[in-house]
Amino acid sequence: MLMNKIHVYWWALNAQGEIDNYGDILAPFLAEKLSGKKVVKVSHPMQRWYKWFIKHYITVGSIICAASKNSIVWGSGIIKKNENVRAAKFVAVRGPRTRKRLLELGYQVPEVYGDPALLLPKFISNVKEEKYALGIIPHYVDYDAIVARFKDDTTIKVINLMTNDVVKTTQEILECQQIISSSLHGVIVSHAYEIPALWVKFSNKVSGDNVKFYDYFESLNITYHQEFFINPSESSIVDFEKLLSENTSVLLPSKDKLIQTQEALFASCPFKK
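Residue numbers for the sequence shown follow this note's numbering, so the first one is 185 and each next one is one higher.
These are computed hints drawn from the structure, not numbers from a lab.
What you were told as hints is all true, and nothing was included just to trick you.
Label pairs and their computed distance ranges (CB to CB): (1) V422 with M187: 48 to 58 Å; (2) E411 with A332: 22 to 32 Å; (3) R270 with T407: 23 to 33 Å; (4) E418 with A451: 39 to 49 Å; (5) M187 with E430: 51 to 61 Å; (6) K253 with K312: 36 to 46 Å; (7) S433 with M346: 27 to 37 Å.
None of the values given here were measured: they were computed from a predicted structure.
Cβ coordinates follow ideal geometry from the N, Cα and C atoms, glycine included.
Based on the provided sequences and hints, a complete structural model is requested.
Dropping the structure here:
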């Protein structure tokens, strides 16, 4: 019965239920929790049935370019500054840069910002077991280099974002006092739980032109004046600690701004039960 199902599109490297990128599988996890319905994976919004007949949602991730006229976009964003995006229904977007691009394309977009991952604490409790002074969350393209460098350091937790267990991976983030991350969702989830987090680049392998990071940061009034590039093979925990101590202004959004963004995003959710 359609009434008990919700159709959601998300980027996937593998089949549903298999190990995949944490940031991407947050989409079905949150859709199920927020709606109370069974999530059906949309093959692609431009596929004939979805384009013409079946209402569906585009939420977590830089996947707004996949939208079709039957898509409802809530919290997604662009991956490139000049992304081409088709007309859809936009109820919230990840940040001001996504909205600016959509306005340039002539679409109507409310000024409601936020990545849906900011709502994770509603469903996975904020119980911190701080076992590590520092957590490193490499984007999956950077994981092997980081593990090779820090596998023998017991004071650092290297978190593997290739997972099929959202709860377990989130709890691993909660074990860390501070976070260094080359993954956008590594930063976002840390912020959701008020864990200080710094965005760094371990390589130039992450897709896009970095607009997704600035889009998110601007949604929470965080201003990065520079980017931090770290060569994993030449870095140490001392380097990370120095970076964190010298850049405290970008590690967390203000509590008021975070709560305001979470509340507005939740209020705008088009499928919450």
